[in-house]
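A.B. asks: Going line by line, the protein sequences match chains A, B and C.
Quick note: the first sequence uses our numbering, first residue 2, plus one each step.
Quick note: the second sequence uses our numbering, first residue 3, plus one each step.
Quick note: the third sequence uses our numbering, first residue 89, plus one each step.
Heads up, some of the hints might be wrong.
Said to hold, decoys possible - Example chain A residues on the side facing chain C (calculated, C-beta under 8 Å, incomplete): (1) Arg10; (2) Pro14; (3) Tyr23; (4) Pro24; (5) Asn72; (6) Arg104; (7) Gly211; (8) Arg236; (9) Gly239; (10) Asp240.
Don't read these hints as lab results, they were simulated from the structure.
Quick caveat: nothing in here was measured; it's all calculated off a predicted structure.
Here a beta-carbon is modelled for each residue, glycine too, at the ideal position from N, C-alpha and C.
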Amino acid sequence: MKLTLRIWRQSSPAEKGRMVEYPVEDISPDASFLEMLDVLNEKLIADGEEPVAFDHDCREGICGMCSLVINGTPHGPERNTTTCQLHMRKFEDGEVIDVEPWRAKAFPVVKDLVVDRSPLDRIIQSGGYISAPTGTAPEAHSVPVPKADADRAFEAAECIGCGACVAACPNGSAALFLGAKVTHLGLMPQGQPERWDRVVNMLETHDDAGFGGCTNTGECSVACPKGISMDVISRLNGDMLKASVGGKKKR
Amino acid sequence: MTDTFYESGEPIADERAPHGPVENRWTTRKFEAKLVNPANKRKKKIIIIGTGLAGGSAGATLGEAGYQVVQFCFQDSPRRAHSIAAQGGINAAKNYRNDGDSVHRLFYDTVKGGDFRARESNVHRLAEISTQIIDQCVAQGVPFAREYGGLLDNRSFGGTQVSRTFYARGQTGQQLLLGAYQALMRQVEAGNVELHARHEMLDLIMEDGRARGVVVRDLLTGEIKNHTADAVVLASGGYGNVYFLSTNAMGSNVTASWRAHKHGAYFANPCYTQIHPTCIPVSGDHQSKLTLMSESLRNDGRVWVPKKAGDDRKPSAIPEDERDYYLERIYPSFGNLVPRDIASRAAKNVCDEGRGVGPGGLGVYLDFADAIERLGRKTVEAKYGNLFEMYERITGENPYDTPMRIYPAVHYTMGGLWVDYDLQSNIPGLFVIGEANFSDHGANRLGASALMQGLADGYFVLPTGLGDYIARNELGPVSEAAVAEAQERVSAQIEKFLAIDGDRTVDSFHRELGHIMWEYCGMERTEEGLRKALELIPALRAEFWTRLKVTGKGDELNQQLEKAGRVADFLELGELMVVDALHRAESCGGHFRAESQDEDGEAKRDDDNFGYVAAWEWAGQDRQPVLHKEALEFEYVKPTQRSYK
Amino acid sequence: MAVTGGVLVLFLVAHMVGNLKIFMGAEDFNHYAHWLRTMGEPAVPYRTLLTVLEVGLVVAVVLHMWSAVSLARRARAARPVKYEAKKKSHAHGYATHTMRYGGVIILLFIIWHLLDLTFFVVNPKGGDASPYERVVADFAPERWYITLFYVVAVLLVGLHLWHGIWSAFQSLGLRSLRNEHTLRVLALTVSVVLTLGFLAVPLAVTFGWVS
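Bound-form chain A, shown alone (with noise of 0.2 Å):
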């Protein structure tokens, strides 16, 4: 396949970037998105040219490192895919293809394709939890779960923290991030004591660094590479509305 690129180059965080168009041939429909990239990157190399900086590291779709916004899609075309998991197959010969960051005040640019995500390691840490110290665990079937619960816990649990849902909010929100862990750990039994502060307090975290509201567009839904229904959300919402206005908040 022969393709052009046009991917957002940005040397340092204060630089202004711009986007650099880069010609590539001889790519595989076999080839992954990365794998592509991984081509260009060896050429730019051998030409003496600084490679494209991005992000990724298991490209299995697991660990949700990797982004890109691909002509204007977190994750590119395919839905339910990291673009890890994304192959050349999914674009056409001669395509010209967009290649951008997570755009995001929250998410500002490190270099090129790399942004800093630690605001949504911030939100876990803010409460995003069971306590539990180790050794305190009681047997571990002193506790059923109902299965639906359960399934539905380990659903909104398969979030991979990649961010795409952010990337792709019109409001730069990171609800149904929030969302899917309050409804994980909310749907556990083990997760009920914290459940009223945790909502609060991840949800000040989250807007302290810079997220933008929901308006429930489902963008972030249809982007998320696991397919986490906006229902998560919906749970959100309403579990801060009791936290706060039921006065159900401890702490």
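For this one, chain A is given, so just place chains B and C on it according to the hints.
C.D. replies: Leaving out everything else, chains B and C in the frame of chain A:
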């Protein structure tokens, strides 16, 4: 055997494991280990490298215990460590199925599965702790699969005849890692853990023969920083990426372990490599990594190839009686569920006979037609839906209609830094946990045991031995000279990389090393091939140091520079693996020497000559490594030739 | 947004029911208009309850707008650098993406509508006529462009409601995977009924079914 490629050193022994009945040893050790006064813990600093299952759980536990933990990962978030990609499950001897499981049986299976090359003491402890891990993870809210009654579901997994594997669909590693990650982040919030993401450890700071700190590079700014502490814990994972193509993450590397090795830490059993039988085959030269399909697929999928060599008909066009379900044929009692090493080698054998399928003839079918007919498509979808989707995304083929094609790929490395029962290396103050150590799996790891070991080490084992070390050693501040020396070494190496200005990329060297390793030190190893590799690798390494091209500068985000450091270490490790493989003239577990097989082509162990752990000491650049043997004794599980027929 | 939006939806339902009285004849319609002002008499003076409702509505509208503006401002701040590629929308479609500028157009329409039928400034009949006469004069066939303007505005209101009603349940945490379908149908039904109800009067006048 001539000793021309290594030197023999003094034998070593694990002096920490208590004597007495195996089931009491862990209890004894916990009691004998000195405790650290809670008020003192706050003054003690522990460095942890890595945030996977082992590192994450260790950071959470030590932080909770009151130590000052300083933790590093090279990824942008601790949640991305490659433990996240483990699919299948985690073993625990809960015996919830009442199918005859017990701690002793898990112990027995693991020692046997490891082909009698692991320590009984360690393995028994692992089996004991396995049940606590499940309790711990459930308390953290890990959403394990459950039955309608609300209780935890179990399945049988990779080479065991009991159902003791706990799982969360095909994403068990992810869910367990998120549990550990969340517990870790809770400690970060509490101020007990100081976390540095996007930092890579590049050297160990040593003083008076002890590990006292690390030199790290801030991957965003390129700044070289040093951190000193009372002890250093490496939880930096395995070294499968020495093969370039493996199921490891692109960033997985041996650098932390290797640089500790160069300070004197023994590297044990480096040649024990697990080749996972069910991966998606290579599709072309662009390939950057291989993707694992969970072994759980073998529970319902049937492995076959055409009976005739060179049969290139579509799988659906090959009638039943012209198919060879070779695992079921050769191993009637275990069938498709034989352990990983056996399944992998069997696949290689049929492909060598020219019966492989798909591009290049490097693949075998994993067929779900029978399962779909027997269980219905819906059930199969519920069990394996996400794996099937993943397969279709990568290959463009629908496994509901046509059998999957699979081929073995490097997956896990049983070898690693040598540690004693306390998980302390031979360098005092340097602890090694998880895949980075060599401890529990012997020559072959059973399915669903890696997660168990990572979490056992981090949550439950490490705190005891580490506490004992801290309690027994009152250490003063580290001298500036020691810090400066380490930092200087790191800076010099970075400058060297940038100064070569040759004409070959890092990846081209890595790829070439991978080819050599896979060809000569892969699924089947011969003396001839290994000797050839022993010539090729040093030559490639010499070329690396003269022709490497790294663009950019040292004081910025420079992904080529990061890779250069990792590949430089792989180029040295690769040679040690070959040396180890060459010296071990027997077949065992993940190490198959063609010269050591029985008349049926099955692996033949040589317990009399090789019933030991090979711990290698770094003797210096371009000097032959020194072998220290730790003899293995088996009091409870008597060595037998494994047979899965 | 959800709470104020909910208030406004309830108002719209009442408003539509009132509008439809025009089909019962001039007397009924005028009587209804008069009743709105005498509600609650003699317990409270003339036009008290109506004024309270009007003030409530204004507050709801202002709060609704304030929420919308602050969300829009947050959104702008949350993405200081825009995407180069045209960002493709994949979810929920047109209704979702017309919420903001559609809302602005609806506001302009409401201002016109108040000037027209509440303050009579732009109404051809003015304040001296009966409510019925004013409506009939407003949508007279020769003033088809006014009718067209109303139709467009009402359709926009419909779209706004379609997403808005569903979104309100979502924002109040009342949506789950189980009731998802029901809520979508409810939102669609309410917005279609309201749209048709509001379109009925101007169209009926313009086409001469009411005169």
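A.B. asks: Give a verdict on every hint.
C.D. replies: Here is how each hint holds up against the structure:
Look at Arg10(A): its Cβ only gets to about 12 Å from chain C, farther than 8 Å, so that hint breaks. With a least beta-carbon distance of about 12 Å to chain C, the hint placing Pro14(A) at the interface is violated under the 8 Å criterion. For the restraint placing Tyr23(A) at the interface with chain C, the shortest Cβ-Cβ distance is roughly 15 Å, beyond the 8 Å limit, so the hint is violated. Interface restraint check: Pro24(A) against chain C, minimum CB-CB distance 18 Å, threshold 8 Å, status violated.
A least Cβ separation of about 6 Å between Asn72(A) and chain C falls short of the 8 Å threshold, and the interface hint therefore holds. Because the smallest distance between the Cβ of Arg104(A) and any Cβ of chain C comes to about 5 Å, under 8 Å, the interface hint for this residue holds. Evaluation of the Gly211(A) hint against chain C yields a held restraint, the C-beta minimum of about 6 Å falling below 8 Å. With its C-beta approaching chain C no nearer than about 6 Å, Arg236(A) sits inside the 8 Å limit, and its interface hint holds.
Interface restraint check: Gly239(A) against chain C, minimum CB-CB distance 2 Å, threshold 8 Å, status holds. With a cut of 8 Å, the hint placing Asp240(A) at the interface with chain C holds, because the nearest CB-to-CB distance is about 7 Å.
Comparing the model with each numbered hint stated earlier shows that hints 1, 2, 3, 4 do not hold.
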